[in-house]
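Peer 1: Residue numbers (my numbering), protein chains in the order written: chain A, -17 to 403; chain B, -17 to 403.
Honestly, I wouldn't trust all of these hints.
If several chains are the same, the list does not tell them apart, and a pair holds so long as it fits within one copy or across any two.
[Claimed, not checked] Okay, derived cross-link-like pairs now, SDA-like style, lysine to any residue, Cα gap no bigger than 25 Å in a straight line:
{"no.": "1", "residue 1": "259", "residue 2": "129"}
{"no.": "2", "residue 1": "132", "residue 2": "22"}
{"no.": "3", "residue 1": "197", "residue 2": "300"}
{"no.": "4", "residue 1": "400", "residue 2": "342"}
{"no.": "5", "residue 1": "209", "residue 2": "22"}
{"no.": "6", "residue 1": "390", "residue 2": "331"}
Everything labelled a hint here was simulated from the structure, so no lab data went into it.
Protein chains: 2
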Amino acid sequence: MTILIKNAWLDGEAKDVFIDGKHIRQVGQELTMAADRTIDARGKAIIPGFVNGHSHAPMTLFRGFGDDMPLMKWLQERIWPHEAKLTRTDIYWGTKLACLEMIKSGTTAFVDMYFNMRGIADAVEEMGLRVLLGDTDIDHFNPELAEKSKERTKRVFRMVNEEYGGRIQMSVAPHAIYTVSGELLQWLNDFSREHALPMQIHLAETEGEVADSVKNFGYTPVRYLYKLGVLSPRLIIAHGLYVDDDEIRMLADHGVKVVHNPASNMKLASGGRFMFKEMKEAGITVALGTDGSASSNNLDMVEVMKLASLLGKAWRKDPVALTAGEMFEAATVAGASLMGLKAGRIAEGYLADLSLVDLHSPVFTPNFNFVSNLVYAANGSCIDTVICNGKILMENRVVPGEDEILEKAAERAYDLVKRNA
Amino acid sequence: MTILIKNAWLDGEAKDVFIDGKHIRQVGQELTMAADRTIDARGKAIIPGFVNGHSHAPMTLFRGFGDDMPLMKWLQERIWPHEAKLTRTDIYWGTKLACLEMIKSGTTAFVDMYFNMRGIADAVEEMGLRVLLGDTDIDHFNPELAEKSKERTKRVFRMVNEEYGGRIQMSVAPHAIYTVSGELLQWLNDFSREHALPMQIHLAETEGEVADSVKNFGYTPVRYLYKLGVLSPRLIIAHGLYVDDDEIRMLADHGVKVVHNPASNMKLASGGRFMFKEMKEAGITVALGTDGSASSNNLDMVEVMKLASLLGKAWRKDPVALTAGEMFEAATVAGASLMGLKAGRIAEGYLADLSLVDLHSPVFTPNFNFVSNLVYAANGSCIDTVICNGKILMENRVVPGEDEILEKAAERAYDLVKRNA
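Okay, chain A solo, but in the shape it has when bound (with noise of 0.2 Å):
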């Protein structure tokens, strides 16, 4: 399948894409090769799929269920009791409205971390996007748990490899400090380096996290992982909101790339000093992430970059930190580095994982700076056209199948809360 997209907005001029199969063979001006599909994209923008760096695409069925609460309370009435009850058929379900949400605000690949990965990986096989599964490892510091930690993934990462694969990638994915023993953690460890797989972990979230942390181990959070010899550069932390100078020093020397959540931080009030400026400075991959749509609510990328900056330039007293273009990057290529994907640019021999952006609306008036309004102004809902891996996702923001999904994830949610009674 070949795919020529014509005038669209790039880099300040219209410029035309040729997409052959699952890359992006050509960028340039009045490009005619013949092609499968022709799209004409005056008036459009093209930029590079988002990578949503860290989510719990499930969720989306616990979305609005319990806001304002306290985490606790929350966490013990509202989502463990129902997480519990989960099927199958509500994972799946719960995903493809993830996946439909993420390709109408333009995300063409996520890092997802929750259990059931077949409900998740056939839901996103079918949408049709990229995903980093995590199936999440709790073993509560016992060791009976710990082995079947073990086994579930053995067996997972082999039928991740021989049933799926392609679009669809697999990731170890212990859950926290709190919640996963040292000796797990090393395992896991073990086993990602074994199979070259990345690693992600919830780390340095909350003041509290850390107490425990040194009370427990004697360590900070990543002071605790460099002595457990975990870091590394396959891993992938989700949050790092509390790490000091010399910890930003070991994550950069091991290669540990951060995703940034804003909203969820922001919403659950873990905190809000996100250290972005000195982890780029020392060299750290950052990329930018929604979290679950139980505690962000929605999955839009768009919103993070917005997020990111005004939450960074707020606490850092400088309206120059944190700027429209570092939060571009951090959506679109730092995300994809963190996948190992060759994505993220609209360039020669990159993934064709890429929007379109409709500029005809009034956050795009005037145009004095694309990048700027998009991460400033505009919200998800300027994508109007969505590309992966060479297919196309929407076209004039209909998504195949919307109706259905819309319908079938609320009716899991509804029969979800009620089973519990």
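With chain A fixed as given, assemble chain B onto it according to the hints.
Peer 2: What follows is chain B alone, placed relative to chain A:
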């Protein structure tokens, strides 16, 4: 003109709303009266129109023209030289663009502060919104300029009363305590008392302003206004970031209203610790605003609600603070009370300023809590239909004349920045 809206989602059930002329006449179920227009609102929620409590509407022309710059450099190099060249036609098209953007995101009324009132009033009159105009007063402590300001204020007041009125209302608008002499502030306050006009001012926006106020006047900003005798129920303060407990008490005692502009405060790094909770507890009416598009980049009140809540939760380290419901009230009924309007509720006898929200989308799926979805998951693009003063301004996201507005406003903006060369 009568409009019957059938089966709109309101407070958890399907309701009918009957509009007769400018007002909501009846809210109930299975209403059957004859109406000039009947709107089928199944799958849509009905909400009051948002009130944008602080804006500089024509500054849409400067959208994206100098982001991520230090404040003074931005003002001196980008804003002021070009503002000086704005013509009435520029102002008119910039305001049309602002109105278009506001309608498309569900705002039906706004408090504005700029200059060239005819350009603004004509645009708002045509677009069908309500505005509280403010013709910015600045005398730079120069008595001659103060006299000119007074004459202009009298002239504009006459003009608005004689030629506009209705949806177009007038306020007095001293820019700030660092640009307006105490003498002019008192004169404007007297004028506003005499003619029962609201008075708006930027106040306590930055730490620098507070330090200068103490240095130059011997008092912090709110205390300075108190000493001048200009605190009153007519006064609307934009920003009010830097106020202590006693100042909150003073504002409450005098019935002063405050508008919080989180996007602008964060982006310009003015500060993040807005005392929403303390002000509300003291009994102050607190509304929300965007500020001008040159600093907040858009006029989306749905985004403002989320930002205000998230920012408040983050700095307070309290996930329960600033709830979705409080934000919704601040963006609707509190804003209406700034403007002296009986609006901001879907109830009998209230002005027919309202919107329909399309619930058929991922961010409203599932719909456990409509207000939570609206505030935390949605953005302005969820607005489907807008009615102001009993007149339909947008239906199915179509605003008559949109293309011309986008074209003309962009034309004026591009011409404007060339004019200075």
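Peer 1: So, for every hint listed, does it hold in this structure?
Peer 2: Results for each hint:
1. Neither within a single protomer nor between protomers do residue 259 and residue 129 lie at most 25 Å apart by alpha-carbon distance, with minima of 40 Å and 49 Å respectively.
2. In this assembly of identical chains, the alpha carbons of residue 132 and residue 22 never lie at most 25 Å apart, being 51 Å within a copy and 56 Å across copies at closest.
3. In this assembly of identical chains, residue 197 and residue 300 lie within 25 Å of each other by CA distance solely across copies; the values are 24 Å between and 35 Å within a copy.
4. In this homomeric assembly, residue 400 and residue 342 come within 25 Å of each other (Cα to Cα) only across copies, at 22 Å, whereas the closest approach inside a single copy is 44 Å.
5. In this assembly of identical chains, the alpha carbons of residue 209 and residue 22 never lie at most 25 Å apart, being 55 Å within a copy and 64 Å across copies at closest.
6. Taking the shortest alpha-carbon separations for residue 390 and residue 331, neither the intra-copy value of 38 Å nor the inter-copy value of 40 Å comes in at or below 25 Å.
Checked against the numbered hints given earlier, the structure breaks hints 1, 2, 5 and 6 and satisfies all the rest.
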